[in-house]
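Asks: Sequence:
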Amino acid sequence: MDRLPWARFHWMVVVGLGVSWVLDGIEIQLVSASGFKDTLGMSTEQVGFTGTIYLIGQVVGALVFGRLTDRWGRRTLFIVTLAIYLVGSGVAGLAFAPWFLYVWRFVAGLGIGGEYTAINSAIDELIPAKYRGRVDIAVNGTYWGGAMIGAVGSFFLLDPDLVPTNLGWRLAFLIGPVLGLAIIFIRRHIPESPRWMVTHGRREEAERIVDEIEAEVAGQGFDLPPVDAGKAIKLKPKESVPFAKLIDVFFRQYPSRTFLGVSMMVTQSFLYNAIFFTYALVLQNFYGLDASQAALYFFPFAIGNLAGPLVLGHLFDTIGRRRMIFATYMLAGVTLLVSAWLFREGALTAGTHTAFWCVAFFFASAGASSAYLTVSEIFPLEVRGQAISYFFAVAQIVGAAGPFIFGSLVGDGSARGPLFLGYVVGSLVMMLGGGIALVCGVDAEGKGLEDVAQPVSSATAA
Numbered sequence: 000m001d002r003l004p005w006a007r008f009h010w011m012v013v014v015g016l017g018v019s020w021v022l023d024g025i026e027i028q029l030v031s032a033s034g035f036k037d038t039l040g041m042s043t044e045q046v047g048f049t050g051t052i053y054l055i056g057q058v059v060g061a062l063v064f065g066r067l068t069d070r071w072g073r074r075t076l077f078i079v080t081l082a083i084y085l086v087g088s089g090v091a092g093l094a095f096a097p098w099f100l101y102v103w104r105f106v107a108g109l110g111i112g113g114e115y116t117a118i119n120s121a122i123d124e125l126i127p128a129k130y131r132g133r134v135d136i137a138v139n140g141t142y143w144g145g146a147m148i149g150a151v152g153s154f155f156l157l158d159p160d161l162v163p164t165n166l167g168w169r170l171a172f173l174i175g176p177v178l179g180l181a182i183i184f185i186r187r188h189i190p191e192s193p194r195w196m197v198t199h200g201r202r203e204e205a206e207r208i209v210d211e212i213e214a215e216v217a218g219q220g221f222d223l224p225p226v227d228a229g230k231a232i233k234l235k236p237k238e239s240v241p242f243a244k245l246i247d248v249f250f251r252q253y254p255s256r257t258f259l260g261v262s263m264m265v266t267q268s269f270l271y272n273a274i275f276f277t278y279a280l281v282l283q284n285f286y287g288l289d290a291s292q293a294a295l296y297f298f299p300f301a302i303g304n305l306a307g308p309l310v311l312g313h314l315f316d317t318i319g320r321r322r323m324i325f326a327t328y329m330l331a332g333v334t335l336l337v338s339a340w341l342f343r344e345g346a347l348t349a350g351t352h353t354a355f356w357c358v359a360f361f362f363a364s365a366g367a368s369s370a371y372l373t374v375s376e377i378f379p380l381e382v383r384g385q386a387i388s389y390f391f392a393v394a395q396i397v398g399a400a401g402p403f404i405f406g407s408l409v410g411d412g413s414a415r416g417p418l419f420l421g422y423v424v425g426s427l428v429m430m431l432g433g434g435i436a437l438v439c440g441v442d443a444e445g446k447g448l449e450d451v452a453q454p455v456s457s458a459t460a461a
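Heads up: the sequence shown at position 119 corresponds to 118 in numbering that gives the first Met the number 0, and the numbers run straight through without jumps.
Incorrect hints may have been included.
Said to hold, decoys possible - Computed beta-carbon distance windows for the label pairs:
1. Lys-237 with Val-393: 24 to 32 Å
2. Thr-317 with Glu-449: 17 to 25 Å
3. Gly-345 with Ala-82: 48 to 56 Å
Claimed, not checked - Listed next, the in silico BS3-like pairs over lysine-lysine satisfying Cα-Cα at most 27 Å (straight line):
4. Lys-446 with Lys-237
5. Lys-446 with Lys-244
6. Lys-36 with Lys-235
7. Lys-244 with Lys-230
8. Lys-129 with Lys-230
9. Lys-446 with Lys-230
10. Lys-235 with Lys-446
11. Lys-233 with Lys-244
12. Lys-233 with Lys-446
13. Lys-129 with Lys-233
Source of the hints: derived by calculation from the structure; they are not laboratory data. Being a predicted model, the structure only gives us computed values, none of them experimental. Where a beta carbon is used, it is the ideal one built from N, C-alpha and C, also for glycine.
With these hints in hand, go ahead and build the complete structure from the sequences.
Replies: Pasting the structure below:
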């Protein structure tokens with residue numbers, strides 16, 4: 000799989016699986032728009048809880064489906080989790096009361112949380128090693144493309160002059176499912192990960208899938224190099240890995256990698272949630288913008304976040320993981336630190352402050368995406384889905400404190416000092432994550448997953 004040139008098969012994998020983050024971006028933006036507030040008679044706190052229950056669903060979905068994707072397979076789970084999301088988001092648009100909306104937002108979150116584990120695992124195991132970094136980072140960055148789609152859709156569908164209020168937000172909830180329905184047909188043609196199959200005793204099926212992929216690639220005029228027999232690994236297939244073995248992998252075999260994964264995921268999550276969920280409050284309370292004006296500033300912010308992974312992604316495969324993670328985390332932290340000082344001095348306008356955010360998150364977005372890449376490639380194949388799920392859950396739980404803390408620091412906009420200190424702490428936290436990556440990082444660029452971490456079922460893994 001790693002020796003294959005880039006071909007149509009890999010584009011199918013990227014398009015068919017990469018849509019997950021687009022869907023997540025759409026969902027977050029729909030809740031931010033909160034067009035259902037008046038229709039369902041919801042208070043501001045109840046609207047906020049709609050976002051919270053979605054995030055709780057993501058954490059639960061990641062934890063539940065993370066273990067299942069290691070046990071039942073990548074393909075089974077990326078079909079099931081997308082179906083759960085389609086139902087959850089679509090039915091939410093039929094809500095007649097807040098509790099009904101909460102239930103189905105939770106279900107939609109379950110699906111997306113499960114997507115994170117199954118999709119990252121499948122992409123890493125199907126994409127050739129020399130392209131793995133840029134593909135994984137770019138795919139994770141498409142979250143912001145989804146957020147922009149959701150924002151544009153909400154702008155039109157939530158305009159009462161264009162669509163009745165009671166109908167517009169319900170149609171908005173169908174944006175994601177419509178896109179998901181189109182993608183689920185592509186996913187039907189994406190095979191199970193041969194790597195996962197061979198560790199579960201399904202060698203003949205794995206061989207058949209690889210033969211079919213090789214035949215398709217060769218049919219496009221590519222010459223395939225011979226397989227390096229020196230890469231052979233003797234395996235003892237296992238149906239599942241006991242939880243005790245999982246603990247052993249994380250804390251005895253790879254303690255520094257566990258520390259690295261937690262550090263990267265938590266630091267980027269805290270900074271992202273802190274800035275993203277309060278930027279509109281900052282624009283309104285400190286720069287005098289109204290809610291509709293502040294919403295327009297979302298687009299340059301999102302463009303910077305989308306551009307970073309797309310522009311910088313290939314450097315993680317060429318310059319290397321460790322250097323690029325350090326560089327992106329540090330540059331993001333330093334840029335935010337400079338903007339914090341200028342903010343305290345009153346030297347910024349709404350436009351220039353947003354410009355600083357765009358530059359900072361151009362780097363931070365690539366760094367945040369590399370956190371998911373790192374966690375998914377530095378642990379053995381049999382526990383990859385669970386590794387992603389546990390680190391994702393920890394990051395979401397810790398990151399959830401960001402909006403609350405920074406929202407409190409914003410206050411009524413009368414004092415800049417508290418928010419300045421918050422920005423300084425957030426910047427230093429991000430820079431700390433980059434420093435840890437430089438020291439504990441794994442040089443996984445260009446290496447097969449089995450060279451980065453031998454499978455648990457390998458006869459020599461111990």
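Asks: Now look at each hint and say whether the structure bears it out.
Replies: Tested hints:
For Lys-237 and Val-393, the Cβ-Cβ distance of about 26 Å falls inside the hinted range of 24 to 32 Å, so the restraint holds. Roughly 22 Å separates the CB atoms of Thr-317 and Glu-449, a value that falls within the hinted 17 to 25 Å. Checked against the given bound of 48 to 56 Å, the beta carbons of Gly-345 and Ala-82, roughly 52 Å apart, stay inside it. A C-alpha spacing of about 24 Å is found between Lys-446 and Lys-237, which places the hinted pair at or below 27 Å, so the restraint holds.
With a C-alpha separation of about 25 Å, the suggested pairing of Lys-446 with Lys-244 holds against the 27 Å cut-off. A C-alpha spacing of about 55 Å is found between Lys-36 and Lys-235, which places the hinted pair above 27 Å, so the restraint is violated. Note on Lys-244 and Lys-230: the hinted pairing holds, with a Cα-Cα distance of about 25 Å set against a maximum of 27 Å. The hinted pair formed by Lys-129 and Lys-230 meets the criterion: a straight-line CA distance of about 16 Å does not exceed 27 Å.
Straight-line distance between C-alpha atoms of Lys-446 and Lys-230 comes to about 11 Å, which keeps the hinted pair within the 27 Å bound. Distance check on the hinted pair: Lys-235 and Lys-446 sit about 23 Å apart at the alpha-carbon level, within 27 Å; holds. The hinted pair formed by Lys-233 and Lys-244 meets the criterion: a straight-line CA distance of about 19 Å does not exceed 27 Å. Distance hint between Lys-233 and Lys-446 is fulfilled; the C-alpha atoms sit about 19 Å from each other, no more than 27 Å.
Restraint check for Lys-129 and Lys-233: satisfied, since their Cα atoms lie roughly 24 Å apart, inside the 27 Å limit.
Hint check: a violation occurs at hint 6 only; the rest are consistent with the structure.
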